[in-house]
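*Asks:* Chain by chain, the residues run as shown.
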Amino acid sequence: TQLLEQSPQFLSIQEGENLTVYCNSSSVFSSLQWYRQEPGEGPVLLVTVVTGGEVKKLKRLTFQFGDARKDSSLHITAAQPGDTGLYLCAGATGANNLFFGTGTRLTVIP
Amino acid sequence: NAGVTQTPKFRILKIGQSMTLQCTQDMNHNYMYWYRQDPGMGLKLIYYSVGAGITDKGEVPNGYNVSRSTTEDFPLRLELAAPSQTSVYFCASSFTGQGHGYTFGSGTRLTVV
Chain A
349 TQLLEQSPQF
359 LSIQEGENLT
369 VYCNSSSVFS
379 SLQWYRQEPG
389 EGPVLLVTVV
399 TGGEVKKLKR
409 LTFQFGDARK
419 DSSLHITAAQ
429 PGDTGLYLCA
439 GATGANNLFF
449 GTGTRLTVIP
Chain B
27 NAGVTQTPKF
37 RILKIGQSMT
47 LQCTQDMNHN
57 YMYWYRQDPG
67 MGLKLIYYSV
77 GAGITDKGEV
87 PNGYNVSRST
97 TEDFPLRLEL
107 AAPSQTSVYF
117 CASSFTGQGH
127 GYTFGSGTRL
137 TVV
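Line by line, the protein sequences give chains A and B.
For the first sequence, our numbering begins at 349 and goes up steadily by one.
For the second sequence, our numbering begins at 27 and goes up steadily by one.
There may be inaccurate statements among the hints.
Unchecked claim - Here are the simulated lysine-lysine pairs, DSBU-like style, with alpha carbons at most 35 Å apart:
#1 K407(A) to K35(B)
#2 K40(B) to K70(B)
#3 K83(B) to K418(A)
#4 K70(B) to K418(A)
#5 K70(B) to K407(A)
#6 K83(B) to K404(A)
#7 K70(B) to K404(A)
#8 K405(A) to K70(B)
Claimed, not checked - Distance ranges between label pairs, derived from CB positions:
#9 M45(B) to E363(A): 38 to 44 Å
#10 S355(A) to G89(B): 27 to 33 Å
#11 V139(B) to E389(A): 22 to 28 Å
#12 D52(B) to Q428(A): 31 to 37 Å
#13 E353(A) to K35(B): 30 to 36 Å
#14 E386(A) to M45(B): 22 to 28 Å
It should be emphasised that the hints constitute simulated quantities derived from the structure, not laboratory data.
Just so we're clear, the structure is a prediction, and the values are computed from it rather than from any experiment.
Virtual Cβ for every residue (Gly too), placed ideally from N, Cα, C.
Turn these sequences into a full structure, and let the hints guide you.
*Replies:* Printed below as a string of structure tokens:
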């Protein structure tokens, strides 16, 4: 079983601050996805990164895939209360499975 | 757009009872999945299907069964419910498989007492 570790597990910050969430593994993934999940709902896809070293931006969110395709980071600039939620990374392998990390629970305080 | 629809939203079962969690999608996706989410444990794959008539086990299949008679529907059957099956269950679908994003339903919260 591929293990995806996310850090930090919990993060509480003030509105306007910047933050970075990390997703690390000893396994190599063909692609890596980031999802955000709100209470009582299913995860919603934010981005998919495929190439080692790839950087994608989604408004104030910047996603990076590690050169060796074993890790990824999510950076949020000027966090807003609407960014509050559980952030999940998920790594895809050659098998038909998507392995999910345990998540980072972000709270942005107005 | 309905996307992935799961029913029921909540359910309480007694030990030994059985039930079926329903999942339907209207996006004509070939791939469908069932995950369970336990606190602090992330999502674990129970079963998946790559098309009508084809199903396969995931990481944690014991105590569950699935069927895929149509492209749209992928029900999950719990036989002889146990407290260890208390969890939130998510159904998801994808057009081309794990290399592309999944669309998730809103989940079924199941408690076995």
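*Asks:* Decide, hint by hint, whether the structure agrees.
*Replies:* How the hints compare with the structure:
Simply put, K407(A) and K35(B) have alpha-carbon atoms about 33 Å apart, close enough for the 35 Å limit, and the pair holds. Distance hint between K40(B) and K70(B) is fulfilled; the C-alpha atoms sit about 23 Å from each other, no more than 35 Å. Distance check on the hinted pair: K83(B) and K418(A) sit about 25 Å apart at the alpha-carbon level, within 35 Å; holds. The straight-line distance between the Cα atoms of K70(B) and K418(A) is roughly 20 Å, inside the 35 Å bound, and the hint therefore holds.
Annotation: proposed proximity of K70(B) to K407(A) holds, straight-line Cα distance about 30 Å (limit 35 Å). Taking the CA atoms of K83(B) and K404(A), the gap is about 33 Å. The hint holds against a cut of 35 Å. At roughly 27 Å between alpha-carbon atoms, K70(B) and K404(A) fall within 35 Å of each other, so this suggested pair holds. Among the hinted pairs, K405(A) with K70(B) is consistent with the structure: their alpha-carbon atoms are about 28 Å apart, no more than 35 Å.
For M45(B) paired with E363(A), a C-beta distance near 43 Å keeps the hint of 38 to 44 Å intact. Judged by the Cβ atoms, the range 27 to 33 Å given for S355(A) and G89(B) holds: they are separated by roughly 32 Å. The beta-carbon spacing between V139(B) and E389(A), approximately 25 Å, falls within the hinted interval of 22 to 28 Å. For the hinted restraint 31 to 37 Å between D52(B) and Q428(A), the CB-CB distance of approximately 32 Å keeps it satisfied.
Distance hint check: the CB atoms of E353(A) and K35(B) are about 31 Å apart, consistent with the given range 30 to 36 Å. The beta-carbon spacing between E386(A) and M45(B), approximately 26 Å, falls within the hinted interval of 22 to 28 Å.
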